[in-house]
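Undergrad: Each chain, letter by letter, is given below.
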Amino acid sequence: MGQASGLVQKSMVIIDSEVCKGCSLCVVTCPQKNLKLSESLNRIGYHPVEFHYHGDKGDCTACGLCYWVCPDFAIAEVRRLKQ
Amino acid sequence: MTTLQDKATGEYEVKLGRLPTLTGKPTHYCAGCEHGVLTRLIANAIEELGLREKTVMIDSVGCSVMAHEYINVDAIQSPHGRAPAVMTGIKKVRPDLLVFAVQGDGDAVAIGLLELIYAASRGAPITVFLVNNAIYGMTGGQMAPTTPRGMVTTTTPRGRDLKDTGPVMDASKLLAGLEGPSYVKRVFLPVTPMGSTDLYSARGSLEGAKSVLNAFKVQLMGGFSFVEFVSTCSVNWKMSVLESKRYSFEVLAKLFPPGLYVDKMGVEKK
Amino acid sequence: MKTETEFVKGNEALALGALKAGMNAYFAYPITPSSEIPETLAKEFRSPEYPEFKIFLQAMNELEAINMVIGAASTGAKAMTATSGPGFSLKQEGISYAAAMEIPFLVVDVNRAGPGLGNLGPEQSDYFQATKGGGHGGYKTIVLAPNSVQEMAAFPALGFSLAFKHRTPVLMLVDAFLGQVKEDIVFPKIAQEKFETPWAATGARGAERHLILSLHLDFEDQRKHAEHLKSKYEEIDTMEQRSEEYLTSDAEVVLVAFGVVSRLCRRAVNELRAKGVRAGLFRPVTLSPFPARGLKSLADRGIRKFIVVELNVGQMVYDVKLAVEGKGSVDLIYKLGGFLPTTADIVHRVEMASG
Numbered sequence: 154m155g156q157a158s159g160l161v162q163k164s165m166v167i168i169d170s171e172v173c174k175g176c177s178l179c180v181v182t183c184p185q186k187n188l189k190l191s192e193s194l195n196r197i198g199y200h201p202v203e204f205h206y207h208g209d210k211g212d213c214t215a216c217g218l219c220y221w222v223c224p225d226f227a228i229a230e231v232r233r234l235k236q
Numbered sequence: 002m003t004t005l006q007d008k009a010t011g012e013y014e015v016k017l018g019r020l021p022t023l024t025g026k027p028t029h030y031c032a033g034c035e036h037g038v039l040t041r042l043i044a045n046a047i048e049e050l051g052l053r054e055k056t057v058m059i060d061s062v063g064c065s066v067m068a069h070e071y072i073n074v075d076a077i078q079s080p081h082g083r084a085p086a087v088m089t090g091i092k093k094v095r096p097d098l099l100v101f102a103v104q105g106d107g108d109a110v111a112i113g114l115l116e117l118i119y120a121a122s123r124g125a126p127i128t129v130f131l132v133n134n135a136i137y138g139m140t141g142g143q144m145a146p147t148t149p150r151g152m153v154t155t156t157t158p159r160g161r162d163l164k165d166t167g168p169v170m171d172a173s174k175l176l177a178g179l180e181g182p183s184y185v186k187r188v189f190l191p192v193t194p195m196g197s198t199d200l201y202s203a204r205g206s207l208e209g210a211k212s213v214l215n216a217f218k219v220q221l222m223g224g225f226s227f228v229e230f231v232s233t234c235s236v237n238w239k240m241s242v243l244e245s246k247r248y249s250f251e252v253l254a255k256l257f258p259p260g261l262y263v264d265k266m267g268v269e270k271k
Numbered sequence: 329m330k331t332e333t334e335f336v337k338g339n340e341a342l343a344l345g346a347l348k349a350g351m352n353a354y355f356a357y358p359i360t361p362s363s364e365i366p367e368t369l370a371k372e373f374r375s376p377e378y379p380e381f382k383i384f385l386q387a388m389n390e391l392e393a394i395n396m397v398i399g400a401a402s403t404g405a406k407a408m409t410a411t412s413g414p415g416f417s418l419k420q421e422g423i424s425y426a427a428a429m430e431i432p433f434l435v436v437d438v439n440r441a442g443p444g445l446g447n448l449g450p451e452q453s454d455y456f457q458a459t460k461g462g463g464h465g466g467y468k469t470i471v472l473a474p475n476s477v478q479e480m481a482a483f484p485a486l487g488f489s490l491a492f493k494h495r496t497p498v499l500m501l502v503d504a505f506l507g508q509v510k511e512d513i514v515f516p517k518i519a520q521e522k523f524e525t526p527w528a529a530t531g532a533r534g535a536e537r538h539l540i541l542s543l544h545l546d547f548e549d550q551r552k553h554a555e556h557l558k559s560k561y562e563e564i565d566t567m568e569q570r571s572e573e574y575l576t577s578d579a580e581v582v583l584v585a586f587g588v589v590s591r592l593c594r595r596a597v598n599e600l601r602a603k604g605v606r607a608g609l610f611r612p613v614t615l616s617p618f619p620a621r622g623l624k625s626l627a628d629r630g631i632r633k634f635i636v637v638e639l640n641v642g643q644m645v646y647d648v649k650l651a652v653e654g655k656g657s658v659d660l661i662y663k664l665g666g667f668l669p670t671t672a673d674i675v676h677r678v679e680m681a682s683g
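Chains as they are written, first to last, in the numbering used here: chain B, 154 to 236; chain P, 2 to 271; chain F, 329 to 683.
Check each hint, because a few of them may be wrong.
Beyond 10 Å from chain P on every Cβ pair, some chain F residues (computed) [claimed, not checked]:
(1) A356
(2) P358
(3) I359
(4) T360
(5) E367
(6) E390
(7) A627
(8) L668
Between beta-carbon pairs, the in silico distance windows are [unchecked claim]:
(9) E572(F) x S241(P): 28 to 36 Å
(10) E421(F) x S122(P): 20 to 28 Å
(11) E548(F) x L221(P): 43 to 51 Å
None of these hints come from the bench; they were simulated from the model.
Just so you know, even glycine gets a beta-carbon here, dropped at the ideal spot from N, CA and C.
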């Protein structure tokens, strides 16, 4: 998740990988496509979701939709830069 | 165990975060199940109202039998279908408490239909959340009163035939026809497919969050509130998680149309 | 060429056994660990192999199911339902009514741990409820306790036979283990019995009408009816006590157990014998009527130690004490929580009691 120097990430999504069941509801709901299932497996045998600030369709806006659709509280926090 | 995704510069505030009304215990619900989503919505509403120490939840029998493991409030186990009666008993002696139950379509619409109808008719100041996924989940996929015509279940292996098994029951419409309830709402909770794109809408969760809050507000104003969440059961429907959302949208949302059926206190206008 | 033996789960064997016995109607409500019974029947419904199986209906709860059974059976049909603990409690009202009205049918209780919601492991804690009449009023039913998948397949036919012969509900008390275990069995070739039902309510065409009632407001009517039920239960007690014995003829200590526990005890008896302890096993097959005569004759013969092994805090132990009439000691080995005792457990406890 490297950034070009001088650019600041405006938001971030904190994920509890070990409770994620890879249901992918957040993946399909995110309008910017910031979320993808990981290649690796977590302890409970699922591919947990990973956050990418620069998504396929744009940067994360902290809309929080992922938080509201997650059935497992794996999307633990949505943070944004203080103004 | 959290994985901090980035070490960014700047100061961040938590817009949406961990709730003290959740125990934090990982759930037993299947991947993608709306029970998990509803748990978050309920925890959020209790937190917003600041009522964690004034709430008693009732575990019903079904997939929600272990709901107390996840929502951080006092809890009582009710026998199968009897949650509305148990809640009535609590509210009669402790009207200051907030009580609610999450019931499945078997618990509320089959074995417990009588208790639900009478609690609703009396206008008991309690809240029932119905997770309607048109099948008996916890017991392994038998027919429910809400199972649609033609659906294959373990007790309708050739598809449900309404001639043999009776009609599909519509709990929201049934309750809306009674004088007692103050708030009857049906919400389509799953992520909703949006045409041909691979983007799904989260409006179910957002509408659900508002409805849970409104239901509690109605109880606090002394009325009976009921919210039916049209949901999914990918495991017993034998579909993938996303297939089950599409099926629910194409079949169940038409069979059980979402909407506001009763709002005697006008809580949605406020 | 189809082989004779089939590898079947207990609950499935019971369902298929009921079909082979010519069951006409099944009223269902799922509850773990009994749900395979209605699920198997749903699959076989309308199969040309079972032309007698005319009705399969899933009720909305166990109360609905037992009352549908009462209705169907009142016309003389062979009807059945199955459930587990919490559902069995709901059916008690119906069973009481049916016993009073002398209506024959089968109810299966797959006993899971309790009380309350409990868990899904095997227990034998519904013994009192099943054998002492779990519903109100003074009545009895016949209670069969299979201990193998083979008996699960055979007992429905026996159950219907006893039910119609004596005009009484018949219960099958099955522990959860037996419902779920799979064993090789041969389905018994059962000739489907046709039962005469001169009492049935089918429309009083040209004949005197039949009333199937349980309300007797006149005290003398009620007394006569209760006396009639009493003599019926005495007749059942005389005719229908069933049990099985293993190595009791020269035994010093006799284990008493039913269901899956009886099989663990049988192994324990073999191990005890190998260690020089003259152990035997008495297995009740009917829990009601309780096979007291068989136990009493063991006590009369000089056996002085009886050890009851059951999955509850002590229920059948009282019936054994009564049967033995104080002639020998009756001790208890018990296991709770849905666990089964191991053979080693049982052997050890018997050795401690004998030593």
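Undergrad: Now, for every hint given, state plainly whether the structure supports it.
TA: Verification of the hints:
no.	hint	in the structure
1	A356	violated, 6 Å
2	P358	violated, 4 Å
3	I359	violated, 7 Å
4	T360	violated, 5 Å
5	E367	violated, 4 Å
6	E390	violated, 8 Å
7	A627	holds, 42 Å
8	L668	holds, 23 Å
9	E572(F) x S241(P): 28 to 36 Å	violated, 51 Å
10	E421(F) x S122(P): 20 to 28 Å	holds, 24 Å
11	E548(F) x L221(P): 43 to 51 Å	violated, 59 Å
Violated hints for the displayed structure, listed by number in ascending order: 1, 2, 3, 4, 5, 6, 9, 11.
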